[in-house]
Amino acid sequence: MKKLTSLSELNNLNIVYSTNSEYEPIEECQETQTLPNRQQKLYISLDKKQRGGKKVTLIENFIGNEEDLLNLGKLLKTKCGVGGSVKDGIIIIQGDFRDKISDILSKDGYQIKRKG
289 MKKLTSLSEL NNLNIVYSTN SEYEPIEECQ ETQTLPNRQQ KLYISLDKKQ RGGKKVTLIE
349 NFIGNEEDLL NLGKLLKTKC GVGGSVKDGI IIIQGDFRDK ISDILSKDGY QIKRKG
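Under the numbering used here, the sequence shown has 356 at position 68, and the numbering climbs by one with no breaks.
None of these hints come from the bench; they were simulated from the model.
Remember, it's a predicted structure, so these values are computed and weren't measured experimentally.
Incorrect hints may have been included.
[What the hints assert, rightly or not] Here are the simulated DSBU-like pairs of lysine-lysine, each with C-alpha atoms no more than 35 Å apart in a straight line:
no. : residue 1 : residue 2
1   : LYS388    : LYS329
2   : LYS342    : LYS401
3   : LYS403    : LYS342
4   : LYS342    : LYS388
5   : LYS343    : LYS365
6   : LYS367    : LYS403
7   : LYS403    : LYS375
8   : LYS336    : LYS367
9   : LYS336    : LYS395
10  : LYS337    : LYS362
11  : LYS375    : LYS388
12  : LYS336    : LYS365
13  : LYS343    : LYS395
Throw the hints in and build the complete structure from the sequences for me.
Right, here's the structure in full:
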């Protein structure tokens, strides 16, 4: 086993110690159910910080499982004809496509709010 060199490495092991004799571990949380499109309020913004001056469109606040988020990201990348990714629950589309993405998501029934 690897020797730990800092407290932060110990925290990353996800170990819980309790002196409570009635402690019961929490079951693994179930995957989040994806809300219907009309109940989703997505935030669209433009960002160029820490990206070498290049612009990206961010889509945030998606409530649902990871697979549905990845599928939505893939759909938006395909419709815009550009690259992008999904990280930490945020869809990142290369370039300034706020208007086009707003139109696509609105037609699919999502509530859209522009940020920034």
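Okay, the hints, checked on the actual structure:
1. LYS388 with LYS329: Distance of about 17 Å is within 35 Å: holds.
2. LYS342 with LYS401: The hint holds at about 22 Å.
3. LYS403 with LYS342: holds (18 Å)
4. LYS342 with LYS388: Given pair LYS342, LYS388 holds - Cα atoms ~18 Å apart, limit 35 Å.
5. LYS343 with LYS365: holds (15 Å)
6. LYS367 with LYS403: Roughly 21 Å between the alpha carbons, so the hint for LYS367 and LYS403 holds.
7. LYS403 with LYS375: With Cα atoms ~19 Å apart, LYS403 and LYS375 stay inside 35 Å; holds.
8. LYS336 with LYS367: holds (22 Å)
9. LYS336 with LYS395: Since the Cα atoms of LYS336 and LYS395 sit roughly 27 Å apart, the hinted pair holds (cutoff 35 Å).
10. LYS337 with LYS362: Satisfied, since the Cα-Cα distance of roughly 23 Å is no more than 35 Å.
11. LYS375 with LYS388: holds (21 Å)
12. LYS336 with LYS365: holds (18 Å)
13. LYS343 with LYS395: Holds, at roughly 24 Å.
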